[in-house]
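There are 2 protein chains.
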Amino acid sequence: MAAAAATLLSNGDAKPQNTGRFASVYSEVQNNRLDHSLSLPAVLRKSFQVVDGPPSSAAGNPDEIKKLFPCLFGQPSAVLVPGDAGNAPQSLKVGVVLSGGQAPGGHNVISGIYDYLQDRCKGSTLYGFRGGPAGIMKCKYTVLNSEYIYPFRNQGGFDMIRSGRDKIETPEQFKQAAETALKLDLDGLVVIGGDDSNTNACLLAENFRNKNMKTRVIGCPKTIDGDLKCKEVPASFGFDTACKIYAEMIGNVMVDARSTGKYYHFVRLMGRAASHITLECALQTHPNITLIGEEVAANKQTLKNVTDYIVDIITKRAEFGYNYGVILIPEGLIDFIPEVQLLIAELNEILAHDEVDEAGLWKQKLQPQSLELFKLLPAAIQEQLMLERDPHGNVQVAKIETEKMFIQMVETELENRKQAGAYKAQFKGQSHFFGYEGRCGLPSNFDSTYCYALGYGAGALLQSGKTGLISSVGNLAAPVEEWTVGGTALTSLMDVERRHGKFKPVIKKAMVELEGAPFKQFASLREEWALNNRYISPGPIQFVGPASDKVNHTLLLEFGAQA
Amino acid sequence: MAAAAATLLSNGDAKPQNTGRFASVYSEVQNNRLDHSLSLPAVLRKSFQVVDGPPSSAAGNPDEIKKLFPCLFGQPSAVLVPGDAGNAPQSLKVGVVLSGGQAPGGHNVISGIYDYLQDRCKGSTLYGFRGGPAGIMKCKYTVLNSEYIYPFRNQGGFDMIRSGRDKIETPEQFKQAAETALKLDLDGLVVIGGDDSNTNACLLAENFRNKNMKTRVIGCPKTIDGDLKCKEVPASFGFDTACKIYAEMIGNVMVDARSTGKYYHFVRLMGRAASHITLECALQTHPNITLIGEEVAANKQTLKNVTDYIVDIITKRAEFGYNYGVILIPEGLIDFIPEVQLLIAELNEILAHDEVDEAGLWKQKLQPQSLELFKLLPAAIQEQLMLERDPHGNVQVAKIETEKMFIQMVETELENRKQAGAYKAQFKGQSHFFGYEGRCGLPSNFDSTYCYALGYGAGALLQSGKTGLISSVGNLAAPVEEWTVGGTALTSLMDVERRHGKFKPVIKKAMVELEGAPFKQFASLREEWALNNRYISPGPIQFVGPASDKVNHTLLLEFGAQA
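For the protein sequence lines, the chains are G and E, in the order given.
Just so you know, we're using the UniProt record's numbering here: the first sequence kicks off at 1 and counts up by one.
Just so you know, we're using the UniProt record's numbering here: the second sequence kicks off at 1 and counts up by one.
Any given hint could turn out to be false.
Given that identical chains are not distinguished, each listed pair holds provided it fits within a single copy or across any two copies.
What the hints assert, rightly or not - Distance condition first, Cα-Cα at most 27 Å in a straight line; then the derived BS3-like pairs of lysine-lysine:
1) K375 with K399
2) K167 with K424
3) K399 with K418
4) K428 with K399
5) K316 with K140
6) K428 with K138
7) K138 with K262
8) K428 with K404
9) K399 with K424
Don't read these hints as lab results, they were simulated from the structure.
The task is simple: from the sequences and hints, build the whole structure.
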């Protein structure tokens, strides 16, 4: 019994955690992860030099990008190669900031930067700006040292310095950022964020360079959504872990579905803009039905088309005696349906003019197609659309529980088919949304190692005087020691969009490519998965033992496709 | 790149899975678990004999239990001790059935029974009745052999032979069961189920004994809810795994809450009758607020009381600058609130007489207290109560999304306090329901081992001629080799309830005891957790390495309290 008590208490080992905001206790797995040793790519383990590639251009509209980034446009990407840089070691003052939503591994980017500075630039200082970009503007920071960083090594979340969604984009905000950089005498700043944050990082780099300030800015690719990637930046961190967490849950639900034999589970997965998460989870678990927003958009499908697609498979499965199944739906699906976008636009217009009457006469203002679609929607969704508005009075598409909507629409359509004699079974839907559970999990071994390399590499880029690059670690399907390390010109990832009559630079989100290897693999198998049950249950992420070094399918397939 | 493709394909190793219903592929973790070797308690590894204890009584109303179980009442519990039973090895014909909802480990009970028969009763046959007790009545079964069982070893779900919720309770049903037992010449039957299923197992044992049939019946304690337990049966299987899966998700959400700093996460957890799951998850993760149904009932709290309790803590936390948090709510909470039960009863009465009018005059039929409560409920919940009815026309309490209800009620109350100047912060609620994800996960090492011992022990009880016992494995806080093995008289767990004018035997659900060690530990710490953030993130279940042999807190504390 004494042993039992000891086991219990060992769960509560206090760990030093000097955030000043809270004291924390760690679980055994968390504790164990603290001392998980990370491999570095071979090139980072010895002397290296930074080699520039050819001049770069832009992803689109290079002339406009050149106007927006006169100092930085055209600069080459850089790659680290073995050799002697010939630089005398210098100490650096570097800031780091987390921007936007959480992604597993962010803490390891920071520890990678810190360790680089410790290993290669003795006497350096690392400032952690608190609460996102606002921390830069308000000069709110923590000086990060070994003791401070240690409890966050290989841990999930962004709680070391927290994140924020503010942007540095107005002249006043650039001025504040510059004041902070001058005040702290910053040699460099690492911005860890998604497409928007990296765009802003590049604007800041341009701004600093334009002011002849010494402060360089390096970005790092973060987002569980997986939609910040390109040839040189093959993955955004956090995607691997988040997908594995969702896939664990989906796998469990599949086993439940098969055991019970009477439920269709409609699983909505986080990821508003692109459907990478849903596609990856499908590749990991083999659901009966998977909706991919990009495909729905490409085929210009209506809500009725999508519902019929689901119902057709359910009806066919019923013939085989299977009255259960698992259906994956990306969070942003309805944004991909053209007719829904039209309806939303019309509703916003009507709502803006407060033209909604009790008797429902307002509906006559809808275009016939939109009215038909509106009538097709379940009553609860209709109400949600009319009642829940954002601060600007607009319909909140994000609040629509797509998985529940489809359950009701499928129910209605199956009832029609039953009446017509085309369906004879019982349909029961169960809804799920997997989102927040995946954003802050303990990073997988892949994300832990990848992030550490991203951070370590960012340190190297700063030391070599680079600015306006995004830390790029490549060859990720190979063993860690063979990974490549470098930096890609952020301007080379950019195009422009016209907003409010002005050109704005944007890093275009990487959508699921219907000609890409991951989608093609999925497309070649989904019919088989639809009718035969090929469920795979990945189980919980393992940090040691089986599958602990397994990388997500999307990444492997994308590398394979390039080979 | 070839290596990458190979890694990918290794995910899809086909494993033999002869269920006839589906072919399946296994993940690396699933594959690895297949060959996970299980320890047996020392007493099961050598010769043993079965020793009877003193005559037993009942948990309540022994006279009535005696009338209901004239053959079995008073029979002793049994314990296995080292020694030579003196029996010549005999081959047995045994059936096994899964009854009720899924719980991780069920497959290992079956493999435990099978291995016992292989090891000790050569030439035996194990019949797996398909789809629950209906499989017994319809004589629908699969003969289980090594090849058939192998792919399910240490796997989650109940898909080996599936489960069902039918009951064997009418004379006609008993007759069908007896016919099957005679047809298959069954020496024994193992019923794997919860309190109801074990009660029915005992009725079947009584019935067979009464008919002088040789078929013995042994129960096994299954339910993730953890509410089938007593001194001799210290745990129901599946609880350990399910709680660990939920705690992983809660821990992730906690890290997210702390990183974002702006959401209160309201997490509803499966477990309708008792709040053990919620209590265990609280002990594993240290949330800011935890509602325990049994305590709410004991204190005769109203919905307003509970809402105020939450709001008080949120207000206090706002003073400390914390506008985020995590709140755990047991699925069955509102069943514990007396005034809600009253309202539901009145609503059912009104709905039964179809007395609901558009103008809402029907509300005058509610008692004043119920009317007040009804008005307090958010509109969406009011609607849900009035619209969603079960096949008997009753309000479906189970459908109420308690977590969303509380978010709305808390929002309203905080708005009141804001008006009164007692709250100045911003409140944003996020709702979660963790249920199905936990029922069919890969069983933890504890559940794998525990279930195997339960099954192996059930085999031993059958061989020794026992009937009407529930397989009991004890001393669970000690190392596996020291676990005790035996069987507890099912009648000794029973009391009676009066239903439709008749006494019905019931195994009373084990509720959270407010004087028990787990609740007391929680109660002594919750104030600390409420205002200071002591979150623990247990991380995903590990099958090797750190925490892989960790047992749930409830079990350890209950053993500690008895020590």
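Each hint tested on the structure:
1. K375 with K399: Both: 19 Å inside a copy, 25 Å across copies.
2. K167 with K424: Answer is between: at 26 Å across copies they meet the 27 Å cutoff, but 55 Å inside does not.
3. K399 with K418: between (31 Å within a copy, 25 Å between copies)
4. K428 with K399: both (23 Å within a copy, 14 Å between copies)
5. K316 with K140: Cα proximity of K316 and K140: across copies only (26 Å, versus 60 Å in one copy).
6. K428 with K138: Between. Shortest inter-copy distance 25 Å satisfies the 27 Å Cα cut-off; intra-copy 53 Å does not.
7. K138 with K262: Intra 56 Å, inter 20 Å, cutoff 27 Å: inter-copy only.
8. K428 with K404: both (12 Å within a copy, 22 Å between copies)
9. K399 with K424: Classified as between: cross-chain Cα gap 25 Å, same-chain 34 Å, threshold 27 Å.
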